[in-house]
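Asks: With the hints as constraints, model all of the structure from the sequences given.
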Amino acid sequence: MTTASPALGQETVAEPARWRRWLPTPKMLILGMVGLAIGYLALVPLYYLLWGTFFDGNGVTFGGFERAYGHSQILPLIGNSLWFAIGAAVLSLVVGTSLAYLNVRTDVPFKALFFAASIVPLIIPGILYTISWIFLASPDIGLINRLIEPVFGSGAIDIFTIWGMVWVEGLHLSPIVFLLMVAAFRSMDPSLEESALMSGATRWQVFRKVTVPLTRPAIVASILIMVVRSLESFEVPALLGLQNGIYVFTSRIYFVLRSYPPDFGAAGALAVGLLVLALIGVAMANIVGKSGKNFQTVTGKGFRPRPMELGKWRPVMGVAIVLYFILTVIAPLVVLLYTSLLKFYTAPSWDVFKTMTLDNYRELAGMSKAMTALQNSLALGLGSATLVMAFMAIAAWIVVRSRIRGRHLLDQLAFVPLVIPGLVLGLALSFVYLRSPIPIYGTLFILLIAYVTRYMPYGMRYAVISMHQISNELEESAQVSGASWWQTFRRVLLPLLAPGLLAGWVYILVVSFRELSSSILLYSPGNEVLSILIFEQFEDGEFTVLSALGVVMVLTLILLVSIAYKLGAKVGLNRN
Amino acid sequence: MRNRTVATVIASSAIGLLLAACGGPPGSGGGGADGSSEAEKHAQQVYDKINGLSGQERTDELVRLAEEEGELSIYTSNSDMDDLVKGFEDAYDIKVSVYRGNSESVLQRVLQEQSAGFHGVDTVETNALELNVLNKEGFLAPYESELRDQVREEGQAENWTASRFNVFVIGWNTKLVKPGEEPKTLEELADPKWKGKVSLELSDVDWFAAMVKYYEDQGMSEAEIVELFKKISSNSKVVKGHTVQGELLSAGQFSVAASLYSHTVDKAAEAGAPVSWHPSSGKPVEPIVLRPNGIGLMKTAQNPAAAMLFVDWELREEGQQVFADKFRIGSMPSDSDPLEGLEAVEVPESELLDNGKKWDDLYAEVVKGGEEVSGG
Numbered sequence: 001m002t003t004a005s006p007a008l009g010q011e012t013v014a015e016p017a018r019w020r021r022w023l024p025t026p027k028m029l030i031l032g033m034v035g036l037a038i039g040y041l042a043l044v045p046l047y048y049l050l051w052g053t054f055f056d057g058n059g060v061t062f063g064g065f066e067r068a069y070g071h072s073q074i075l076p077l078i079g080n081s082l083w084f085a086i087g088a089a090v091l092s093l094v095v096g097t098s099l100a101y102l103n104v105r106t107d108v109p110f111k112a113l114f115f116a117a118s119i120v121p122l123i124i125p126g127i128l129y130t131i132s133w134i135f136l137a138s139p140d141i142g143l144i145n146r147l148i149e150p151v152f153g154s155g156a157i158d159i160f161t162i163w164g165m166v167w168v169e170g171l172h173l174s175p176i177v178f179l180l181m182v183a184a185f186r187s188m189d190p191s192l193e194e195s196a197l198m199s200g201a202t203r204w205q206v207f208r209k210v211t212v213p214l215t216r217p218a219i220v221a222s223i224l225i226m227v228v229r230s231l232e233s234f235e236v237p238a239l240l241g242l243q244n245g246i247y248v249f250t251s252r253i254y255f256v257l258r259s260y261p262p263d264f265g266a267a268g269a270l271a272v273g274l275l276v277l278a279l280i281g282v283a284m285a286n287i288v289g290k291s292g293k294n295f296q297t298v299t300g301k302g303f304r305p306r307p308m309e310l311g312k313w314r315p316v317m318g319v320a321i322v323l324y325f326i327l328t329v330i331a332p333l334v335v336l337l338y339t340s341l342l343k344f345y346t347a348p349s350w351d352v353f354k355t356m357t358l359d360n361y362r363e364l365a366g367m368s369k370a371m372t373a374l375q376n377s378l379a380l381g382l383g384s385a386t387l388v389m390a391f392m393a394i395a396a397w398i399v400v401r402s403r404i405r406g407r408h409l410l411d412q413l414a415f416v417p418l419v420i421p422g423l424v425l426g427l428a429l430s431f432v433y434l435r436s437p438i439p440i441y442g443t444l445f446i447l448l449i450a451y452v453t454r455y456m457p458y459g460m461r462y463a464v465i466s467m468h469q470i471s472n473e474l475e476e477s478a479q480v481s482g483a484s485w486w487q488t489f490r491r492v493l494l495p496l497l498a499p500g501l502l503a504g505w506v507y508i509l510v511v512s513f514r515e516l517s518s519s520i521l522l523y524s525p526g527n528e529v530l531s532i533l534i535f536e537q538f539e540d541g542e543f544t545v546l547s548a549l550g551v552v553m554v555l556t557l558i559l560l561v562s563i564a565y566k567l568g569a570k571v572g573l574n575r576n
Numbered sequence: 577m578r579n580r581t582v583a584t585v586i587a588s589s590a591i592g593l594l595l596a597a598c599g600g601p602p603g604s605g606g607g608g609a610d611g612s613s614e615a616e617k618h619a620q621q622v623y624d625k626i627n628g629l630s631g632q633e634r635t636d637e638l639v640r641l642a643e644e645e646g647e648l649s650i651y652t653s654n655s656d657m658d659d660l661v662k663g664f665e666d667a668y669d670i671k672v673s674v675y676r677g678n679s680e681s682v683l684q685r686v687l688q689e690q691s692a693g694f695h696g697v698d699t700v701e702t703n704a705l706e707l708n709v710l711n712k713e714g715f716l717a718p719y720e721s722e723l724r725d726q727v728r729e730e731g732q733a734e735n736w737t738a739s740r741f742n743v744f745v746i747g748w749n750t751k752l753v754k755p756g757e758e759p760k761t762l763e764e765l766a767d768p769k770w771k772g773k774v775s776l777e778l779s780d781v782d783w784f785a786a787m788v789k790y791y792e793d794q795g796m797s798e799a800e801i802v803e804l805f806k807k808i809s810s811n812s813k814v815v816k817g818h819t820v821q822g823e824l825l826s827a828g829q830f831s832v833a834a835s836l837y838s839h840t841v842d843k844a845a846e847a848g849a850p851v852s853w854h855p856s857s858g859k860p861v862e863p864i865v866l867r868p869n870g871i872g873l874m875k876t877a878q879n880p881a882a883a884m885l886f887v888d889w890e891l892r893e894e895g896q897q898v899f900a901d902k903f904r905i906g907s908m909p910s911d912s913d914p915l916e917g918l919e920a921v922e923v924p925e926s927e928l929l930d931n932g933k934k935w936d937d938l939y940a941e942v943v944k945g946g947e948e949v950s951g952g
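Residue numbers (our numbering), protein chains in the order written: chain A, 1 to 576; chain B, 577 to 952.
Be a bit skeptical, because a hint or two may be false.
Stated by the list, open to error - Calculated lysine-lysine pairs in the DSBU-like style (CA-CA distance at most 30 Å, straight line): (1) B/Lys902 <-> A/Lys343; (2) B/Lys771 <-> B/Lys816; (3) B/Lys754 <-> B/Lys771; (4) B/Lys859 <-> A/Lys343; (5) B/Lys902 <-> A/Lys369.
Stated by the list, open to error - If the Cβ cut is set under 10 Å, some of the chain B residues that face chain A in the computed set are: (6) Ser630; (7) Glu689; (8) Leu778; (9) Ser826.
Calculated from the structure, these hints are not laboratory results. Think of the CB as a built atom: it goes at the ideal place given N, C-alpha and C, for glycine as much as any other residue.
Replies: Below you can see the structure in the form of structure tokens.
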């Protein structure tokens, strides 16, 4: 596996003498390289952000904080934000965890549906997913409302409320939790639950007292990512909240970055607020994970995951899953597909069906940039997903296993990019690489660096959680048998980490197709990516072409992820 | 483990490297312009030469020089650029590369590149506000031609030239607003009968500023004007983005949009959507608001002649026809002027450039005015 990144070459030559004197072993070289890469990737944008926040032309300033927080309506804004973020986090946690549990640990029917349910909401660009929901559940034009009108009266469901925002954001984010929890449940020895059952506990008690506590690191990480993500999100609040005047914290970031000159001080101050919150979260996650052996469910004893029988609940769960699948996948996808066949959106009727055409797809096929963009997005998605997971597997070892001082700082650093606004990341990278002697600016590599930076936090969480579950004794026995550190890592740890690493890889691959906020500043002619194309169609008002593009993206990525899972199963990554 | 901790190694070397790479703090801007003088001198010579010529002589010399350069780099936020470039490449032996983003990222990219002494762009085609910023920073070179002299007066800006106008109009859904019931004025939308049926857009500060100026000229006080907009806002659903606004208008999520682009409405109507800004009888709602979009030449252009030739192209009939085909309003007056006889006001660009924050805050306050009334 290659771990060379363009940024890396620099550091290793920077201080060769020191490394040789103090850290001569290959192990320390690898660890050092990974540590440096993470530090470099995180600190460049952080330094840029903090500089813009705390310094102006004249010296240190806190004006940004005053402009960001010293606003008469800041408290309601924060209130709305917290309500929205916590609601979305709870919803995605409940939905993602339940689905993951049912999928991995029980004999629930329709398991094939899980796969699509876990991926599709991630693939559909946020703006299309949200607008699909407007077409479904607006009190004025929503199709669902029209369906249930005879029973519940007109406008029974209103998507333009804080509950609607929680619903859409929660569903859109639930795949992250699903992927995290599937990995956690796969690595869990079911004998623990079985013993509890045999000792007379009910299934609910087992779930509450045994299952949940064992996966606590994964749950904490999920909450952490979800809350931060929803606090940052502006797409859903802008499209659903504004209609009824529901403003959130991030609308401030939008306003201060939009005007000229952009108020980077205030934007930075808001990001610093998020940063503090996120760092406390990471520290908490580490404390939870620290309770040591409690979560190490992958031990020297082998186990056969045996699905739990749901008994009389099986049909009930089956119905629940089909319903969930219809709501989160089928309904928005059908709206998307339907819109992609029209010239402009209009509510379905027989007349409309007669006018349907494939023109939008034809237009897409005629776009010269479409193929290049697809290739570039694929290369960047595969590249950044592989690089991030490879680096983070080693970084997770440093954080969880090593006794190196300052290892938790590495964890914190890897989490930093999550709170850095995409535009600021783009500016920081162009600032550095416009002045770098290595010709990276204007190539695809600068986008790769941006993507690796942006997705590092997710990769780290996926890898750390998996590492928490693996018992030391496996490594120790390998080392006792004479294996080197690298052999142990490659032959023992990597295969055991595989479910978590694959989940993280899939996540990064899928969401990288949507990255726009830093790509738009950093791409160059010829290096277009799909998200740029989406942006252009959107700006041109080509909403129906955009829907067609969304459908194509969903199909492409489903195919790709299926292949990844099939290959994964072949080399024994997938234990089910 | 070792007496050196991971933390210090990471922190010290990364910061060291970063500082070495930057050679100074970000945001200090300026600098880096060494060595640009050469490029700047060359571009200036070409600009001066062509600006000094006229008629066929100018055209011939410009084409010769431009084809000698053979390349052109455009940064733009113009959504019709693909069609313009296609015609240009067919007409001349010049290879064009286009960076397209929203107007904010076009501006930020040029600012970043210029401050690093990187000359990636020959000509910038974007909105008035961003072009004015570039001009204020001293990055733009004058463009003179007989074509420019014919551009509508509003479009002959300092060091850049309008190629087209965005026109803000009041549009409605023709299924929800029956013939004869269309709004006649913007003030009418403050009437309670439009409650929940109007839509405002979150970032239309320029439209707002233009209308405020218009009402001031009508003799209203600022307090009265703000009060009026707050009333309209309390009848409104606020959306972000004109594409979303247009799509939701034709879907019937609201009946009237107070600040739509005319081309959004015309294009949707052409596809058959039930939207219009022309009432069944009489004139559209006046005044309409004009905002120029234009093109400027970079002082540091690597291909100055090709850049000038492209500005010519946009203003010539071929270029203007591309805009007309997309229902846009070109900057050259034509026989079939879609704005003929309509009262138009301009966006007060220089006011927005100088007092941007004030207008942003005021509009944000107005838009949020809807909150108390329609919230919950």
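Asks: Are the hints correct? Go through all of them and say.
Replies: Checked hints:
no. : hint                  : result
1   : B/Lys902 <-> A/Lys343 : holds (16 Å)
2   : B/Lys771 <-> B/Lys816 : holds (19 Å)
3   : B/Lys754 <-> B/Lys771 : holds (16 Å)
4   : B/Lys859 <-> A/Lys343 : holds (28 Å)
5   : B/Lys902 <-> A/Lys369 : holds (20 Å)
6   : Ser630                : violated (33 Å)
7   : Glu689                : holds (6 Å)
8   : Leu778                : holds (6 Å)
9   : Ser826                : holds (5 Å)
Of the numbered hints stated above, the single one contradicted by the structure is hint 6.
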